[in-house]
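Student: Given these sequences and hints, build the entire structure.
2 protein chains.
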Amino acid sequence: MEAYLIQNPAVQAGEELPPLTKPAVTKTQLVKFAGASGDFNPIHTVEEAGQEAGLGGVIAHGMLIMGFAGEALTTWVPRSAIRKFSVRFSAITRPGDEIQVRGELAGREETEEGTLVTIKVQAVDQKGEIKVKGTCEALLPLK
Amino acid sequence: MEAYLIQNPAVQAGEELPPLTKPAVTKTQLVKFAGASGDFNPIHTVEEAGQEAGLGGVIAHGMLIMGFAGEALTTWVPRSAIRKFSVRFSAITRPGDEIQVRGELAGREETEEGTLVTIKVQAVDQKGEIKVKGTCEALLPLK
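Protein chains in written order, with this note's numbering: chain A, 47 to 189; chain B, 47 to 189.
The reader is advised that the hints may include incorrect statements.
No distinction is drawn between identical chains; accordingly, a pair holds when it is met within one copy or between any pair of copies.
Here are the simulated DSSO-like pairs of lysine-lysine, each with C-alpha atoms no more than 27 Å apart in a straight line [what the hints assert, rightly or not]:
#1 Lys179 x Lys78
#2 Lys179 x Lys130
#3 Lys130 x Lys73
#4 Lys179 x Lys166
#5 Lys73 x Lys189
#6 Lys189 x Lys78
#7 Lys73 x Lys179
#8 Lys68 x Lys189
#9 Lys173 x Lys189
Bear in mind the hints are in silico, worked out from the structure with no lab data behind them.
Tutor: This is the structure we're talking about:
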């Protein structure tokens, strides 16, 4: 499916982008993510390790949540258009949390190479707690 | 294992940090990453889809490489210390590529809350091609 901002070239700064809602994070997903990423820190997969670290159990890899935000970006702009992606981590995600990634077109500028867009992105849970807040710069190609 | 900059509090700006070398990226790893992240774009897992997209085969998820960089960060600073992480994507990664994540302490500043460090990070392949270039800000807690 073509990226939203390609399909909707008239979206203006300040407008919201279609959110991406992920299924609730599962412990098995954290095991898969450990295997895929190679990040086997046991606080993500071993209950006792999370308890001993004072986290009250296992917690999600921050990079998984950043990945959700990255996935949402690729629904809004073509992935080859993404130049820069910056995030600030603000809260821990636990199994059971349902993450929604919300976006807003923060700016657009016509350049000789194409349309340079700035997108603000937030990953929030079912309670509205912000897990990750970020900014993306993408260059939409000329038609 | 305690983070490198906690173990070595005398590291100064301009000094290199121990690199993280990952095993060569495999196609199976991309399948695992798709399952873990929920990003099933077939250019990462289906050979024909990568060919049709003009990529010459499957390519790694950009977020996987960003994840490698994030993993390296957590060997240098405690993960709870990471405040901000920003990357610029510069090249595609393919199965077989061996990614090394290199870091440099770019700055350190003593504050009332702790030591604020800035780390420059690069993920490069076996040919030295830069895949991802980034910056991280972390606040090392007071002793």
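Student: I'd like to know which numbered hints this structure contradicts. Please list them from smallest to largest.
Tutor: 5, 6, 8 and 9
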